[in-house]
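Protein sequence lines correspond, in order, to chains A and F.
With the working numbering, the residue at position 103 of the first sequence is 103, and numbering never jumps.
Throughout, the working numbering is defined as the position within the second sequence, counted from one, plus 1000.
You can trust all of the hints, since none of them are fake.
Heads up, simulated DSSO-like pairs for lysine-lysine below, C-alpha to C-alpha not over 27 angstroms straight-line:
(1) Lys100/A / Lys1065/F
(2) Lys100/A / Lys1057/F
(3) Lys1017/F / Lys1069/F
(4) Lys1057/F / Lys1071/F
(5) Lys53/A / Lys68/A
(6) Lys1065/F / Lys1018/F
Computed footprint of chain A on chain F, listed as stretches where at least three residues anywhere in the stretch have a Cβ under 8 angstroms from a Cβ of chain A:
(7) 1037 to 1046
(8) 1093 to 1100
Just some of the chain F residues that point at chain A, by a computed CB distance under 10 angstroms:
(9) Arg1009
(10) Ser1033
(11) Gly1058
(12) Asp1059
(13) Leu1088
(14) Phe1090
(15) Phe1103
(16) Phe1104
(17) Gly1105
(18) Gln1106
(19) Gly1107
(20) Arg1109
Since the hints were derived computationally from the structure, they do not count as laboratory data.
In this text, a Cβ means the ideal position worked out from N, Cα and C, and glycines have one as well.
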Amino acid sequence: KNEVEQSPQNLTAQEGEFITINCSYSVGISALHWLQQHPGGGIVSLFMLSSGKKKHGRLIATINIQEKHSSLHITASHPRDSAVYICAVYQAGTALIFGKGTTLSVSS
Amino acid sequence: EAQVTQNPRYLITVTGKKLTVTCSQNMNHEYMSWYRQDPGLGLRQIYYSMNVEVTDKGDVPEGYKVSRKEKRNFPLILESPSPNQTSLYFCASSIISGNTEAFFGQGTRLTVV
Chain A
1 KNEVEQSPQN LTAQEGEFIT INCSYSVGIS ALHWLQQHPG GGIVSLFMLS
51 SGKKKHGRLI ATINIQEKHS SLHITASHPR DSAVYICAVY QAGTALIFGK
101 GTTLSVSS
Chain F
1001 EAQVTQNPRY LITVTGKKLT VTCSQNMNHE YMSWYRQDPG LGLRQIYYSM
1051 NVEVTDKGDV PEGYKVSRKE KRNFPLILES PSPNQTSLYF CASSIISGNT
1101 EAFFGQGTRL TVV
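Use the sequences and the hints to build the structure in full.
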């Protein structure tokens, strides 16, 4: 049973398009993380959310705790946004549970 | 610069030859963790540490050991590596567990032949 489901698994876009990646989870959580993994392999934290919405540059993350769902939006996508985006949830007292990731490819 | 440093970045070794992957953070974080990443399986936790001298098993601890003698260092030890431990490994740290931002090392790509 996958406690964290991401969709789509793969996403191809043209430069400038609006991108949405979804994350659904089945457990009660105290925080949700969005991570970015570039082709070189390194992982960076984009957002940590426990409620509402956060924005950083062209990236927006939202979470609906009641519906157990989060979305990551990228406005005006660019080839440098090409990466794997990973959702991870945290239940208090346990470890991070990761989704399998969404591979985004943006072409110019 | 705040960072988590892993070494080595790449390692090819033979079955049974003990190895250590080092992890060091300069942010005075209490929580540190090791993950492995495999195609189709995503990231899975191996071990974690809530503070110095406090370590616990994650989801896939078999074949691994860790220690936390100092706050900044959290080495991963493979006493007798096997080919099924071929993977991409990440160390991460945060102020406290999963309720704060996580900082990841650059990864160690390990191949056991």
